[in-house]
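*Asks:* Assemble the whole structure, with the sequences as input and the hints as a guide.
For the protein sequence lines, the chains are A and B, in the order given. Position 6 of the first sequence, counting from 1, maps to 6 under our numbering, and the rest follow consecutively. Residues are numbered in our numbering as their position in the second sequence, beginning at 1, plus a constant of 1000.
Simulated from the structure, these hints should not be mistaken for laboratory data. For every residue, glycine included, the Cβ atom is placed at its ideal position computed from N, Cα and C.
If we take Cβ atoms under 8 Å as the criterion, some of the chain A residues that face chain B in the derived model are:
1) Lys32
2) Gly34
3) Leu36
4) Ser37
5) Glu65
6) Trp69
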Amino acid sequence: MSWRDKQKRGNISDDEWKIVEERLKTMPNKMKLGILSNSYTKQDLLLEVQKKSDVGRAYVEMQMEFVRWLAKQSGVVQL
Amino acid sequence: MVSKTEWSSSVIIGRCSCDDIVKYPFYWSEEIIEEANKIGRGFIDLKNENFTEQKFSKHMAEHNPKFVFLNGHGNDFFAMGFNKQPVLIANKNDYLLRGKIAHIISCFTAKFLAQSAMDKGCEGYMGYKDYFYIWFIEEDPVKDIVAVMFQEAVNEASKILINGGTIKEAFEKSQGVYDKRINECKGRYFSPRTSEEMRDNLQDIISALIQNKKNQIYFSVDS
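*Replies:* This is the structure we're talking about:
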């Protein structure tokens, strides 16, 4: 990914990558995510997160969005 | 031969079933075709090997449809058709959207392609400025109870448009469907009867719905 793309999407911290990786390790692989040209099971997404690929990044961003949403539901100050 | 005037309120639909992902919006389009038939709106169904730049350009020129609904992969600069070949390309054939209403289901095309098309006189454009996600649990889209949540948000917009609604109305309705589905999943997520496994799956579904809702944008000459 070029520096321009990284700037547009913002940086994902090492801790955020680790959090999502740990969560994925416990998941069964029933659902698939369709993104870009491929479909990914949870196991596939774990590999993408570990590789820090575009798909892995997209998945981490998705999970971070969920965390923000969840915080809102709980009335916690938005992250 | 049908006159150009008669077709000028019609819909052109581009779709292909050439991979695991695009077969979902391919199937979702059946509902829109049914709706077009119900209200007597003509449509041109460019599917699979017919969903190419050449055939798209030809039918746009011949039939002058009002609505352009394309489903497939995409990037900032073009919407793709059969075998991921570019079909609608910024600064090449996006002038074909002059005076049209476009609803394009793909990743990224609402970022640059949309603005390029609006600059060329497109009347309204709705799509996604970043990734477009679908979670699915079945091989057959017909049976998929997870993917139907994504289908509903997409198709609600298309149905509003071909029934004469504005792009803004279609966008707001679609956003409302995303909210409805997010809230539905939220109810299950927080239920004490939901298993941990299911809660984790719901987290993924909710986050994809949130992202799709966030990435959905529209442009209109009226706003």
